[in-house]
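Using the sequences and the hints, build the whole thing.
So the chains spell out like this:
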Amino acid sequence: MTHSAVPRAGESQQLDQAEATVPPPPPPSAATATASATATASATATGDAITVEGVRFGYPGRSVLDGVDLRVAHGELLALVGLNGCGKSTLLRLAAGLLRPSAGRVLLGGDDLGRLSRRAAARRVALLHQSAPAVPGMTVRQLVRQGRYATRGPLGMLREGDDETSRRALVDAGVADWAARGVDTLSGGERQRVRLAMALAQDTPVLLLDEPTTYLDLRHQLEVLQTVVRLREERALTVVMVLHDLAHAARFAERIVALRGGRVAADGPPGEVVTPALLADVLGVAGRVGRDPEGGWPVCYPDHPLPLAK
Amino acid sequence: MSAVSVDGGAGDNGGGPAVARRMVLVGVLLLVAVVADLVAGRAVSPAGVWQVLLGGGDDTARHIVLQLRLPRMLVALVAGACLGLAGLVLQSALRNPLAGPEVTGVTPGAVLGAVAATGLGLAGWESPAAVVVAACVGGFAGAGLLWVLAGRDRGDPEQTAVHGVLVSAVLTGLTAMVLLVAPGELGSVVQWLVGSIEGRVWDHWNLIWPWALCWTAAACALAGPLTLLRCGDEQAAAVGLATGRARAVALVCAVALTAGAVSVVGALGFVGLLVPHVALALFGADLRIGLPGAALLGATVVCGADAVAQGASRVLTVVLDMDRLTLPTGAVTTFAGAALLLIVVRRVPLSRP
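As they're listed, the protein sequences go chains S and H. Going by the numbering used here, the first residue of the first sequence is number 5, and it counts up by one from there. Going by the numbering used here, the first residue of the second sequence is number 1092, and it counts up by one from there.
Read the hints as simulated data drawn from the structure, not as lab findings. Fair warning: there could be bad hints in the mix.
What the hints assert, rightly or not - A short, non-exhaustive set of chain H residues, derived as facing chain S with CB atoms under 8 Å:
hint, residue
1, Glu1289
2, Leu1319
3, Leu1332
Values in this document were obtained by computation on a predicted structure and should not be read as measured data. Built from N, CA and C at the ideal position, the CB exists for glycine as well.
What follows is the structure, encoded as structure tokens:
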């Protein structure tokens, strides 16, 4: 690792101010300050939210992750970027405990994920998958309530009740109006938000989002990302999301980690990481980088694809 | 905010009142099937059956109703409930709308077990307990064979279905070979191949109901995990389900339910494959309601089919001017099921991961 995992205090303040000017709605700077204060306090008290130590992972004949080290502090909002197949989704699955690393280990709040049961892990970390099969005949409310499985257990699922957490998740993800509709009658973008609600219903301190904005139009992309930013501030969540749109990553994340060839290629605040060199080396694109005139976050002007170096 | 709309409507289970109405409707149909099955046979008229049930009637009528028709009807109910449940458990656990005990090697395996045990003289209609054991062993062997053959394609509904047809064909062929080698028992054994409830008595009932009750309870306790398995392994695992273990337990449950039913009534075609589709259409994807619903529907279908089989036997006896003719219940479920399968195949898209 070349960069410090936790953003230095000065940078994160700068970023907070940058975020505070994002219209609409500007997050109240008081709440932001409290959130980052809480985050710093809990980070020093209990260590990192997610610790990835020397993780390798591969399928027969193909190595996906080739020694990844990453520390994500409590309350951090981190974006993972990289080319297709660079191991972003695999890293998220490893961090959710859905895959086991072939070498190295993943810790959640200091505990080895390999030693946690599936249910214990699901009480600590929720993962929104890139895509999911349609479930014929299931309503939005029923699907979102499935997110409560880890806290209720197999027999608990027999009990009646639309508990407060799944109700709140429906509202938070903005899907409450469709609660009684069948999931298979929704569009791709609507389904994506329903699955966000399902992940929120897990009510975990760590939220992993694999391309949460796929299938969404620009308006709903911003809506989902602002919801994530807001919830993270309100509940001091730790959020790691895979984003393909570098503009979103630069604007919403306080830290960007770029993967290339199964390794961390760059790590730091958007202002430092998003450079023409990153575009060329990690994303295989020639282009320029400017600044948003209002918010000050980096803006990319991609030009043309570069031949990929093997 | 929109919390009102979340609260609004009693539709906590997706359909609410509509689902409750449908459950009542199925209950009424079940009652109709029960009454029809009791009065459909020959020799005792409906009025005679009613008299016996009220405590009257002559000795012959009493024997026919209390010793033959009542256990037969009860066995039909339990076998139907088992097959309906087994089908829904299988389809949910394998996330495969084409999975049913008939096409996953479970039923053919159970039949092979029962037939082989009978052919070897280890079991027979006189020793029904041995038949249950043999059918269970056969059912697990059939499912295990599919598990091994399907290999990495287990998650693919179409590949699993293709392998299931293969396994079923092989097992049916083996059954035919057993029948050729030991033709002495042919008469009674043929009933297993088609599925029949003719001649089931209290012995069979005593044997099947504790087994069925036990595994029905197990299946219903799996409602939560099974509902999740229908959402796909990735989502199920992400919210905390150990998918491998849940699927294994569900499969054991499905095989046990099927084997129990097959050991008593034989291979009733299409019940386990089609009842789940009707149950899902009526009761929605929440298996807390869907599983009991499938059990009720299965019981209704098999009991009703038995009534139809008895009625049709009487009609055919007259029409064909034959001395005695018994249409097996399995023939009725197969004919009705084939028609229904056409509808289902056109309506249900194969869900792909």
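Checking against the hints above, which ones are violated? Hint check: 1 fails alone, others pass.
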